[in-house]
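**Student:** If you want the building blocks of each chain, they are given just below.
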Amino acid sequence: MKVVNLNSRSSQVTFLRRMLLFLVPVFISFTGCTQHAKTDAPQSDTAAVTGEYSPALTFAPNVPEARYSTTPKKVIVEIEVVEKIMKLADGVDYTFWTFGGKVPGPFIRVQEGDEVELHLDNNANNKMPHNIDLHAVSGPGGGAEATMTVPGHSSVFNFRALNPGLFVYHCATAPVGMHIANGMYGLILVTPKEGLPNVDKEFYIMQSEFYTKGKNGEPGLQPFDMDKAIKEQPEYVVFNGSVGSTTGTNALQAKVGDRIRIYAGNAGPNLVSSFHIIGQIFDKVYVEGGSQINQNVATTLIPSGGATIVEFTCKEPGTFNIVDHSIFRAFNQGALAQLIVTGPADKNIYSGKLADQFYYPPIPAETGKKDNPVVEPTALEPSFADRFKDGHALFESNCSSCHQATGLGLPGSFPPLAKSDFLMGRQDMGIGILLHGINNEPITVNGKHFQGVMPQLSLADDQIASILTYVRNSWGNKSAAIKASDVKKVRN
Amino acid sequence: MIIVCFLAPLKQYGKVLQSNGHINSKNGASGMLSIPGGSYHAFLRRKDQPAVIRVRRFLLDINAVTNEDFLTFVKANPKWARSKISRLFADPGYLKQWADDFEIGNDKIKSSPVTNVSWFAADAYARWKGKRLPTQAEWEYAAAAAPVGINRGARLTRIILAWYDRPNPVILPPVRSTYRNTYGLYDMHGLVWEWVDDFNSVIIQGENSGDRTSVNSFFCAAGSLNSVNKEDYAAFMRFAFRQGLQARYTVKSLGFRCAKDCAGFN
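Chain order of the listed sequences is C and U. Quick note: the first sequence uses the numbering used here, first residue 1, plus one each step. Quick note: the second sequence uses the numbering used here, first residue 493, plus one each step.
The set of hints was computed from the structure by calculation and includes no laboratory data. C-beta: ideal position from N, C-alpha, C; glycine also. Some clues are possibly wrong.
Cβ pair distances, simulated, as ranges [what the hints assert, rightly or not]: (1) U:576 - C:125: 22 to 30 Å; (2) C:65 - U:619: 54 to 62 Å; (3) U:544 - C:78: 38 to 46 Å.
Listed next, the stretches of chain C that the computed footprint assigns to chain U, with coverage defined by at least 3 CB atoms under 8 Å from CB atoms of chain U [unchecked claim]: (4) 79-91; (5) 120-126; (6) 150-162; (7) 174-180.
With these hints in hand, go ahead and build the complete structure from the sequences.
**Tutor:** So, in structure tokens, the structure goes:
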């Protein structure tokens, strides 16, 4: 290195100039470093975990309980793949390939920042190799690359849940479509660090399609049909793995006033879902299961291989049908689930039918062409014979299913009308019964005790008059005809 | 002793060649057949590999090695007995369908393919017989032949998919209980998966270890990108299965059959 000569002024200037040239970038780089440290430092993706646990895994429609931690944890999840024959629809069986023995697979719930240690076991009795791709994983194959497992063996890998959201997981062994089509999917929820708002009930629903050789409804063990899968023409579109899995006695249950959150996934393998609950509005939708929140949505899209989170409050009691609003899927292929809400009704929010009336079309303007004028039916009271005939017809369609065409009813359940002292002895001639129904009040008919519900039918005055005329003059009963005006008097 | 391979015209299915050290048992007589040389269309290939692979004439067992066959091997070579074998050469599932080291225990599976055997065990058996395991190319080539007899006209893909659709049977059926193909071989598909010598040659790794950009294993779209015949999706599963194996693994539905070189002829 050359010795610096500072003897002359020019060499001093040169020296200073050189020092400045040297120092300035050093100074800048130092300050640059500090700036860099403040704004560009990478997020701590891999903060140390402070403990480990094995969360409960639940099957649809249940969701594991919320659990919050201020620090990331190691979460140990173990899932066993089982190939088994189960019911797809009434009389229809299918060889499902499953995570955990059910379709959809278990619901995994972790927190943003957690480290997940995932064990994938392939039951020794299975025939197929399997793996798992979780959409919550940042890494090749979403884990599929690390988990290819033959029967009788197990694979383990770890991943960090970096992003909050609701994600699908599925088997990704080639041919992937077939593994998904046979039932290998589920949901993993990564709750945000700050947690999700409290709700009263959380549910897990997953839509998917099934492609069977036989047509929808054809009984027996149905094989998978690859041609239909490629053409995207399923025979079944279902919620939670089979037709009727979440309807009737298996429906979701809630009470009026409950705040509900539904984690809804769509496994595909092909179709996009137009997710809608008939009679409910989602006041909150976490769009595509992410962090963007939409509000006041009735029908929301769930991508194939994606998910959504919807929230709403139950305002009214009733049975609410959950559908894919590509509506033939719901009513002809099985994409129907139900939410039953019990509790008090509020007629100010929903009144039910208020009236059932004759529709008088508006009088058209003079066009030179005259529609047939509407003829007001005569206000005269119909004859006894007419009332009787009308009443007979009305009785057949409204009453005979319980009281029987013979008027004998069903002992212990439905009181007889034939020679009924309860009916014939009434001051209102039975009009009150047809106006209001009977709601569990005990009554005695011909010495026998009855206590039950007779539904309140919405019948017009004329109809009630006809029915009572018929009933009070059949099977040994005898009375005068009942007039529409009689009914009107009792009604008011 | 020179093993001479006779040309086996496709019509002559019955021509069976005896190999050295072979014991003929009544059921599942493990005779071999000469498979004529030909071309095999690789299911999956790298850019630098040919799409069409030449397969030389070779001998292949008519059916899979049975439990009975394997028992004679274990009796003659007791270090391959269940309680003696090193964990390096077989995992804990080794021969678990047998009652004991030297006893199958269930007559119903005497003539069924032996399963729960590792690649090491299968390879040792083959060498003991003066044979070897078939290469993947040889096996795939021989397995591509169409069914004959009552199954004539059935598409192989349908046979395979029907097998995938069914759960594993409780009692594995005996060899020769499914279909025979034009080479005279039984049950190449539809009974058990079978070991091949180079079972992990399917994995295409990049030159650098940890090269994650290369087409690697049979998951997601990776497999379909490089497959020559996308219609043969049933084959995807078979290749994926092999990719999940390690040499010491045993699987309940995985057996093997042996091959042998044909000296002299091409």
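**Student:** For every hint, state whether the structure bears it out.
**Tutor:** Here is how each hint holds up against the structure:
Checked against the hint of 22 to 30 Å, the C-beta distance between residue 576 of chain U and residue 125 of chain C comes to roughly 26 Å, which is consistent with it. A hinted range of 54 to 62 Å for the beta carbons of residue 65 of chain C and residue 619 of chain U is consistent with their spacing of about 58 Å. In this structure, residue 544 of chain U and residue 78 of chain C meet the distance hint of 38 to 46 Å, their C-beta atoms being roughly 45 Å apart. Closer than 8 Å: that is the beta-carbon criterion, and the segment 79-91 of chain C has 3 residues meeting it against chain U, so the requirement of 3 holds.
Coverage of the segment 120-126 of chain C by chain U holds. Counting CB-CB distances below 8 Å, 3 residues qualify, and the rule asks for three or more. Note: the segment 150-162 of chain C has 4 residues with beta-carbon separation from chain U under 8 Å; the three-residue rule is met and the coverage holds. Check result for the segment 174-180 of chain C against chain U: holds, 4 residues qualifying (beta carbon to beta carbon below 8 Å, three or more required).
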